[in-house]
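Protein chains: 2
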Amino acid sequence: MDMKRILITAGGTSEKIDQVRSITNHSTGKLGYLIATKALEQGIQVDYITTLSASKPITQENLKIYLIEDTQQLATQLTHLLETNSYDAVIHSMAVSDFTPATSYSIEAFTEALNQQLAQTNLPVTTEQLIQLIEKSEATNTSKISSNTDYLFLTLKKNPKVIQLIKQIQPQTMLVSFKLLVDVSKEELFNVAMTSMKKNNGDFVLANDLQSIQGDQHLGYLLDHKGNLVGEATTKEQIASLILTALNTKGVD
Amino acid sequence: MDMKRILITAGGTSEKIDQVRSITNHSTGKLGYLIATKALEQGIQVDYITTLSASKPITQENLKIYLIEDTQQLATQLTHLLETNSYDAVIHSMAVSDFTPATSYSIEAFTEALNQQLAQTNLPVTTEQLIQLIEKSEATNTSKISSNTDYLFLTLKKNPKVIQLIKQIQPQTMLVSFKLLVDVSKEELFNVAMTSMKKNNGDFVLANDLQSIQGDQHLGYLLDHKGNLVGEATTKEQIASLILTALNTKGVD
Numbered sequence: 001m002d003m004k005r006i007l008i009t010a011g012g013t014s015e016k017i018d019q020v021r022s023i024t025n026h027s028t029g030k031l032g033y034l035i036a037t038k039a040l041e042q043g044i045q046v047d048y049i050t051t052l053s054a055s056k057p058i059t060q061e062n063l064k065i066y067l068i069e070d071t072q073q074l075a076t077q078l079t080h081l082l083e084t085n086s087y088d089a090v091i092h093s094m095a096v097s098d099f100t101p102a103t104s105y106s107i108e109a110f111t112e113a114l115n116q117q118l119a120q121t122n123l124p125v126t127t128e129q130l131i132q133l134i135e136k137s138e139a140t141n142t143s144k145i146s147s148n149t150d151y152l153f154l155t156l157k158k159n160p161k162v163i164q165l166i167k168q169i170q171p172q173t174m175l176v177s178f179k180l181l182v183d184v185s186k187e188e189l190f191n192v193a194m195t196s197m198k199k200n201n202g203d204f205v206l207a208n209d210l211q212s213i214q215g216d217q218h219l220g221y222l223l224d225h226k227g228n229l230v231g232e233a234t235t236k237e238q239i240a241s242l243i244l245t246a247l248n249t250k251g252v253d
Numbered sequence: 001m002d003m004k005r006i007l008i009t010a011g012g013t014s015e016k017i018d019q020v021r022s023i024t025n026h027s028t029g030k031l032g033y034l035i036a037t038k039a040l041e042q043g044i045q046v047d048y049i050t051t052l053s054a055s056k057p058i059t060q061e062n063l064k065i066y067l068i069e070d071t072q073q074l075a076t077q078l079t080h081l082l083e084t085n086s087y088d089a090v091i092h093s094m095a096v097s098d099f100t101p102a103t104s105y106s107i108e109a110f111t112e113a114l115n116q117q118l119a120q121t122n123l124p125v126t127t128e129q130l131i132q133l134i135e136k137s138e139a140t141n142t143s144k145i146s147s148n149t150d151y152l153f154l155t156l157k158k159n160p161k162v163i164q165l166i167k168q169i170q171p172q173t174m175l176v177s178f179k180l181l182v183d184v185s186k187e188e189l190f191n192v193a194m195t196s197m198k199k200n201n202g203d204f205v206l207a208n209d210l211q212s213i214q215g216d217q218h219l220g221y222l223l224d225h226k227g228n229l230v231g232e233a234t235t236k237e238q239i240a241s242l243i244l245t246a247l248n249t250k251g252v253d
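These protein sequence lines are chains A and B, in that order.
Count the first sequence with the UniProt record's numbering and you get residues 1 to 253, in order.
Count the second sequence with the UniProt record's numbering and you get residues 1 to 253, in order.
If you're looking for bench data, these hints aren't it; they were derived computationally from the structure.
One or more hints might be untrue.
[Said to hold, decoys possible] Just the calculated beta-carbon pair ranges, DEER-fashion: (1) T195(A) / T121(B): 18 to 24 Å; (2) S212(A) / E108(B): 29 to 35 Å; (3) G215(B) / Q120(A): 48 to 54 Å; (4) H26(B) / K186(A): 48 to 54 Å; (5) S241(B) / E135(A): 27 to 33 Å; (6) N228(B) / L123(A): 53 to 59 Å; (7) Q168(A) / E61(B): 31 to 37 Å; (8) S212(B) / K198(A): 47 to 53 Å; (9) N228(B) / N115(A): 45 to 51 Å; (10) Q120(A) / Q129(B): 17 to 23 Å; (11) K250(A) / Q129(B): 57 to 63 Å; (12) R5(A) / Q129(B): 56 to 62 Å; (13) Q60(B) / Q129(A): 41 to 47 Å.
Quantities reported herein were computed from a predicted structural model and do not represent experimental measurements.
Where a beta carbon is used, it is the ideal one built from N, C-alpha and C, also for glycine.
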């Protein structure tokens with residue numbers, strides 16, 4: 001099958017802690033850039049969601065770039081595009097924050113909030129009490145965290161899984177997801193990648209380990225939804241080709 | 001006095017949470033870039049400490065660029081340069097992280113650690129108990145935070161104040177520091193800026209408020225060590241000129 005139009009996400013999201021600080025997921029966006037560039041060479045129309053600081057393909061016909069910062073903006077942009085256009089494939093290479101900052105306390109303020117939460121109860125502290133503490137004090141975030149304390153407590157809440165929107169909105173598209181782990185066995189890497197692909201209803205997953213990435217040297221395994229190893233690559237360039245070839249020959253059956 | 005050699009820091013530091021996430025202080029480095037560019041035009045030799053993602057002056061004779069990521073690397077680089085060279089002035093415009101991540105817990109792990117810490121004590125919880133908890137479990141940070149929980153607790157420890165190294169190592173240099181607050185009165189801004197300049201033994205402080213910064217529009221006040229308003233600027237370009245003029249005419253007396 002020759003693809004006509006695809007959607008690529010690339011780069012890493014940033015979640016604001018306050019007006020001057022963020023939690024940032026590192027990703028150069030290089031892999032997404034290479035996939036987009038190859039796809040454009042093949043005459044495929046590319047919609048590209050990325051961040052300001054990530055590498056981007058040069059401006060050209062057939063390429064539309066959409067900038068986002070955080071997970072919420074990604075979800076909104078992704079939903080809009082998936083509802084408006086039809087894609088042969090979605091390649092979701094963006095490193096998305098699993099968590100977003102909820103509250104920040106100086107250690108003194110945290111001690112106080114904790115004691116207020118625990119008033120008229122006994123030890124041990126329960127997880128539910130701590131969750132209530134977070135939920136209650138959320139949205140009291142100040143504009144800039146004071147540096148007038150020796151320790152900070154930062155609480156973070158899980159973000160909704162943006163990737164799950166993709167097949168919900170467009171069940172017929174082919175979805176390529178990515179799983180990055182750190183220093184695990186190949187077996188564990190494949191197992192975790194397969195579990196994540198199934199949860200997201202994906203068609204392919206590119207499994208990789210941070211220990212095997214250095215500049216353009218990048219060991220990656222492409223698995224299909226049945227768990228077959230479609231191919232193995234040792235550079236970002238090869239990974240890009242591997243993914244596009246798999247999609248063009250439609251490995252899904 | 002005509003300056004021969006200055007040291008500029010610019011951009012924002014990033015502190016690693018794990019191998020794929022950081023807490024980043026936002027700063028484009030644009031102001032440092034403008035100061036460096038003007039200084040180079042005046043024939044001043046510039047040593048420039050910055051980050052990979054910040055704006056940088058173009059490569060040229062008289063300019064040396066040193067890249068750092070986190071506060072620790074900044075301290076090391078700054079110490080080395082100050083011990084090796086003599087500077088007429090140090091312009092410290094880098095946004096430096098006040099805190100560095102110490103430990104991260106899932107809410108379940110935090111509940112457990114907290115109860116262990118509180119065993120055989122009574123409520124209320126004390127700040128000292130929480131500090132002990134942080135100090136004990138530090139350095140148990142894992143390579144990548146698991147996303148297998150709904151809430152995270154992140155603890156952060158105060159970083160040493162890098163700016164205080166400058167006059168300790170090189171008491172005769174002129175030090176320009178920056179104070180950025182968010183949405184405060186001019187009076188509070190000046191007070192906080194003066195207090196911070198005195199603490200760091202600075203000669204000038206550029207006081208600014210995030211609410212009055214938008215692109216190149218950038219309201220800034222330059223104060224000297226006696227609290228005199230040396231000048232006021234409304235663009236980054238003007239701020240750069242203001243600082244260099246003040247240093248060249250040696251406002252310190």
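Status of the hints after comparison with the structure:
1. T195(A) / T121(B): 18 to 24 Å: Roughly 41 Å apart at Cβ, these two residues miss the hinted range, so it is violated.
2. S212(A) / E108(B): 29 to 35 Å: About 31 Å separates the Cβ atoms of S212(A) and E108(B), which means 29 to 35 Å holds.
3. G215(B) / Q120(A): 48 to 54 Å: holds, 52 Å
4. H26(B) / K186(A): 48 to 54 Å: violated, 38 Å
5. S241(B) / E135(A): 27 to 33 Å: violated, 50 Å
6. N228(B) / L123(A): 53 to 59 Å: Once the Cβ atoms are compared, 57 Å apart, the range 53 to 59 Å for L123(A) and N228(B) holds.
7. Q168(A) / E61(B): 31 to 37 Å: violated, 58 Å
8. S212(B) / K198(A): 47 to 53 Å: holds, 51 Å
9. N228(B) / N115(A): 45 to 51 Å: This hint holds: roughly 46 Å between Cβ atoms.
10. Q120(A) / Q129(B): 17 to 23 Å: Check passed, 20 Å falls within 17 to 23 Å.
11. K250(A) / Q129(B): 57 to 63 Å: holds, 60 Å
12. R5(A) / Q129(B): 56 to 62 Å: holds, 58 Å
13. Q60(B) / Q129(A): 41 to 47 Å: violated, 60 Å
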